[in-house]
Amino acid sequence: MAEGWPKKRRILGTKVKRIDGPAKSTGFAKYSYDINRKGMLQGAVLRSPYPHAKIKSLDTTAARKTPGFKGLVIIAPMPLWLVVKAEGDTLEIKSIPNKKKKEKEIRRTVKVTPTVTILRANKIVKLADLKVDDQVQVEVEQDVVGRELFFVGDEILAVAADTEEHAKDVLRAIKIEYQELAFVVSIEEVLKNPDKKTTPGPQPGNITPGKEFFKGQAADLEAAFKNSDATAEGTYGVPVISHQCLETHGLVAEWDAEGGLTVWASTQATINVMNGLAGRFNIPPTKVRCITHYMGGGFGSKFAPYPEGFAAADLARRAGAAVKIMLDREEEITTAGNRPSAIGSVKIAGNKDGSITGFSIDCHGTPGFTGGATVNLGLLPYIYADGIPTFKRIHTVAYTNAGGARAMRAPGHPQNCVLTEFAVDDLAGKLGIDPLIVRRKNLPPNNPKADKISWAGRRNTVYNEQLDLATKLAGWKEKWHPPGKGKAGTVKHGIGMAIHTWGGFAAGGATPNECHVIINKDGSVTAESSTQDLGTAQRTVTAIVTAEILGLQVSDVVVKIGESQYGYSTGSGGSTTCPAQAPATLLAAQNARNELFKKVAPKLNADPKDLVIEPGKVVDTKNKKEWAWKEFCARLGMDEAKGKGEWSLAISNEPGNENISSGQVGGVQIAEVLVDSETGVVRAKHIVAVQDCGLVVNKLACESQVAGGVIMGLNYALFEENILDKVTGRQVNPDMEFYKLGGLGDMPKITVHMMDMPERGVIGIGEPPTISTAAAIGNAVFNALGVRVPFLPLTPKRVLDAIAKGGAK
Amino acid sequence: MNDSQGEPRGGISRRGFLAGTGAATAVAGVTSELAPATAAQPGAAPAHGPGPVLLQLTVNGQKVNTNVEPRVTLLDALRNYLDVTGCKRVCDRGTCGACTVTVNGRTVYSCTMLALEARGMDIRTAENLGGAKLDAVPAAFVDNDAQQCGFCTPGFVVSLRAALDKNPNATPEQVEAALAGNICRCGTYEQMRHAIVQLCKKGG
Ligand code: FES
Ligand code: FES
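Residue numbers (the numbering used here), protein chains in the order written: chain Y, 1 to 809; chain Z, 1001 to 1204.
Excised from the complex, chain Y in its bound form (with noise of 0.2 angstroms):
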């Protein structure tokens, strides 16, 4: 059992500013896209111009020839083979098959030409220099024909310049030709030929048929729907979203003499990163470095190398140079994941008392070419499924030939949240009733078995208490009015509610995440992490643990993070970094205290166990003695104090530690719009967000991020889509200025509560408050017009089209 958590908080739980504030702010702060090495080449990555095709040719003598050409890799995986012969123009090689896989040995003869390279130790070499057995991976440029491609923007090859416009004159000056093939981008037309491929993986044709799901029986469902005082029914539907993080992905790479890799990478796992691109050049993870001091934004779409990555790396090992590849904006929206779609119809059936007897829903949705998982809405019917006597849900998967889904902030739930709390709001009008009575009677019960701190224990009696919280901050009860009966004139007003969860949980993982804290002779200390900084103030939360637990101050801790070579770290997913940092850090914070209490105590002839810390001084309890912290780490002499902590799912679940960190949140959201009914513009007036959170580490962040997750559910309600164009295959919107993401001027107030619960421990906070906010705008919008809006994003064009189909006049 660890210490946990100090009883009396200095600092923990304050506003804290951000110790890497004026840095970032000023443009000091050095981001992977701003590292420029001596003698960096840029690169930049060739791709296909159509969804689906075959690569009938490739010509790269010109391309060879361009001013500035440094190099060129297919991107591809490169396996290792064993040399047989080399002889004249001739290597003959054989695979190194993996006799637990069964793999069967295979031959090659290749003629090697100037488009064919030969690595050896991740360094390039002759065909005269090689021996029988060598290790070694060829690359025959001309393998490339014959590809398939499966969506515009798939890689193809990269290529290094001395400049970037070079690069670029480069990538022109090659000679392609594709074969086309037929492709498909719209979810409707998959549907309706559902054994049509286009598309790579395992299914017969572009779709993974949904398995029906049921709680209860069929007849309890007809029953239900039958028996009940009302039932709604509509289809509602989250289209396509791309990440766009402000930074693109990418990274600089640059090999040393020994074989030793460094990246400055735009990553979310520097250890992933770290692991990956050892992998793939075959050399052991501590000959690789990742470096993320500064990130500029992941949102779940950055935990790997990614091929730009590895074609970086791999430029840099042939090329004997720093190379940096970062992708530009179409390449970030189009090639480097998404948020899939989700369309369902849905079903439900509830009585005047508000009870919900009935739900069920038919729902597909497409990740692009690939990426299933992050698509899977298995919640359904998501925060009510508990309370719900009986539900039927169906998620059909069809795979598009558009870039590859990759996880995104609290992947599934925002789509799952607008699927059902529409259907909700649809219900409570009409039942003709206030939504709000809808939520109290449906909201999961208390499990009266679970520990009384956990969220399965209280989430009944939080939400509770969120959605009186809430609907006071927002003034339901004055401004609530049954659907579309608000005041008259052509704007119109109206106020909804949504309400979510977030699993989460305690730590990232079953490898311990470390912390390194050292304590040095003067006094002064550093802690060190992988762990890296998304712009959750992650740098700063290490120097808050830190600083409590030593008496210092804030600014007294000299923080490293975003290195690889700092110990294990998870990568920064399903809001886990800090419940797994935070409490590495403050066992890190409380063994180097004690190492430094265990080496200078003799020196003083105390009992370390009479010593303890307060603000700037260590204390002699016993002997009534004390010392400034500089005057007794001086004692330290030649010798420095170090702590390491460590911390796991598997540590957080040991007795005694749930009061460290926990997963799993709640939270409700309120929005109040304007809806202009002669334009169709919506505006959001206020959003008010009560979230749950557990310890508050730094209230100025934490207040910050929730602030943020709302912006971006505001965005998601109200601007983002990937339009893809059914004739050509191509995005027509990859890009910010028909890509819209809200400005300044587009943002209501946002009154932001956060519920402390310091006996739950730290608990991560990234994701949760994004998940509701599009659910509560649409239902504001719905209580505005007295119609249903019912897809997203909430356009002037859907809102007018609703309008004319029936609402407020």
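Hints were generated in silico from the structure; no laboratory data involved. Note that the coordinates shown come from a computational prediction; the quantities given were computed from them, not determined experimentally. Glycine included, C-beta positions come from ideal geometry on N, C-alpha and C. Careful: at least some of the hints might be erroneous.
Claimed, not checked - Cross-link-like lysine to aspartate or glutamate pairs, in silico, EDC-like; alpha carbons within 16 angstroms at most:
#1 Y:K452 <-> Y:E658
#2 Y:K17 <-> Z:D1143
#3 Y:K30 <-> Z:D1083
To be verified - The calculated label-pair distances, taken between Cβ atoms and stated as ranges, are:
#4 Y:E631 <-> Z:N1167: 50 to 58 angstroms
#5 Z:N1104 <-> Y:R9: 46 to 54 angstroms
#6 Y:K630 <-> Z:N1167: 45 to 53 angstroms
#7 Y:T461 <-> Z:N1167: 49 to 57 angstroms
#8 Y:E465 <-> Z:N1167: 40 to 48 angstroms
#9 Y:T511 <-> Z:N1104: 50 to 58 angstroms
#10 Z:N1167 <-> Y:R9: 41 to 49 angstroms
#11 Y:G745 <-> Z:N1104: 26 to 34 angstroms
#12 Z:N1104 <-> Y:V558: 36 to 44 angstroms
#13 Z:N1104 <-> Y:R37: 31 to 39 angstroms
#14 Z:N1104 <-> Y:T61: 52 to 60 angstroms
#15 Z:N1167 <-> Y:P77: 51 to 59 angstroms
With chain Y fixed as given, assemble chain Z with the ligands onto it according to the hints.
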């Protein structure tokens, strides 16, 4: 909004230049202290490039020079050739404001201006507001946590500083209007509003 938007600039436009690459593009508006690198046709207006041309600028008070091809934007010249990276490349086509700098005191999306158009001019980036002394604008961003990943922040900070320089008595609404050309993905607008209120109270 950038001051430069919608106003014709005397020089060559990026779009116009790219369209005319290699041909005798009209660059009459560019007054050059340099001899043109290529003269396309006798009697035609002088053209620069396509090879690198000497570029002299004053960046954050320091005279600097480098050689860039005429197609290089001011943003890319600063970032790739002069290692001034406070201006970020995000949309690269005049939508997001992350690349905002001031050129002779006026805010410009540096991705929409060719480097050669800025020859001899006074360029200020976000770095000019930091270093030894933190300017009140970035300080207000830090105080109110108006930044998360921070990638958009230097652009906002430059735009806001310029707006207040232009009108030290600007109201929060006026300042907000001046930031209409900047986009933040992390959603730091609520905190930005707190920062703006703090700055307007102080009078810039
Ligand atoms: S990068 Fe210049 S406006 Fe976006
Ligand atoms: S702080 Fe990340 S984009 Fe604005």
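Consistency of the hints with the structure:
no.: 1; hint: Y:K452 <-> Y:E658; in the structure: holds, 11 angstroms
no.: 2; hint: Y:K17 <-> Z:D1143; in the structure: holds, 6 angstroms
no.: 3; hint: Y:K30 <-> Z:D1083; in the structure: holds, 11 angstroms
no.: 4; hint: Y:E631 <-> Z:N1167: 50 to 58 angstroms; in the structure: holds, 53 angstroms
no.: 5; hint: Z:N1104 <-> Y:R9: 46 to 54 angstroms; in the structure: holds, 51 angstroms
no.: 6; hint: Y:K630 <-> Z:N1167: 45 to 53 angstroms; in the structure: holds, 48 angstroms
no.: 7; hint: Y:T461 <-> Z:N1167: 49 to 57 angstroms; in the structure: holds, 51 angstroms
no.: 8; hint: Y:E465 <-> Z:N1167: 40 to 48 angstroms; in the structure: holds, 46 angstroms
no.: 9; hint: Y:T511 <-> Z:N1104: 50 to 58 angstroms; in the structure: holds, 55 angstroms
no.: 10; hint: Z:N1167 <-> Y:R9: 41 to 49 angstroms; in the structure: holds, 43 angstroms
no.: 11; hint: Y:G745 <-> Z:N1104: 26 to 34 angstroms; in the structure: holds, 27 angstroms
no.: 12; hint: Z:N1104 <-> Y:V558: 36 to 44 angstroms; in the structure: holds, 40 angstroms
no.: 13; hint: Z:N1104 <-> Y:R37: 31 to 39 angstroms; in the structure: holds, 32 angstroms
no.: 14; hint: Z:N1104 <-> Y:T61: 52 to 60 angstroms; in the structure: violated, 47 angstroms
no.: 15; hint: Z:N1167 <-> Y:P77: 51 to 59 angstroms; in the structure: holds, 58 angstroms
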